[in-house]
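I would like the entire structure built from these sequences, with the hints used as guidance.
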Amino acid sequence: MSIQTRNHLVELLLSLRQRLLDACEKNDKTQLSYLKITFGMLIEAAYTTEYKALIAILVDLEDAARDSMTGVDWKGSIPSIEVIEKSCL
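Per my numbering, numbering of the sequence shown is gapless, rising by one per residue and ending at 952.
Where hints are given, some of them may not hold.
Said to hold, decoys possible - What follows is a list of derived Cβ distance ranges for each label pair:
1. Q867 x K889: 27 to 37 Å
2. L952 x T911: 16 to 26 Å
3. H871 x E913: 17 to 27 Å
4. S865 x G934: 34 to 44 Å
5. Q867 x K892: 32 to 42 Å
6. H871 x T933: 23 to 33 Å
7. E907 x D885: 19 to 29 Å
No lab work stands behind these hints, which were simulated from the structure alone.
C-beta: ideal position from N, C-alpha, C; glycine also.
Below, the structure is given as structure tokens:
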């Protein structure tokens, strides 16, 4: 994967992470639902690449969206900025 592609991937994941944090803070069930669907679609695409670090991050993001949407007290963990950046190296 080229450096430019990796940088775009990191930017995309960080943007989605921030949207998730904002939706959780506002308890925006509609946005959480959209994010859960988005993460699910990205997970399916990531499985075709067998990029395990990316899959793990997306699964964590999807779990956090689902847990927030259903009112579960943070069983899912939102990956840190550092984890996202390191996983895309």
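Right, here's what the structure says about each hint:
{"no.": "1", "hint": "Q867 x K889: 27 to 37 Å", "result": "holds, 33 Å"}
{"no.": "2", "hint": "L952 x T911: 16 to 26 Å", "result": "holds, 21 Å"}
{"no.": "3", "hint": "H871 x E913: 17 to 27 Å", "result": "holds, 20 Å"}
{"no.": "4", "hint": "S865 x G934: 34 to 44 Å", "result": "holds, 41 Å"}
{"no.": "5", "hint": "Q867 x K892: 32 to 42 Å", "result": "holds, 36 Å"}
{"no.": "6", "hint": "H871 x T933: 23 to 33 Å", "result": "holds, 31 Å"}
{"no.": "7", "hint": "E907 x D885: 19 to 29 Å", "result": "holds, 25 Å"}
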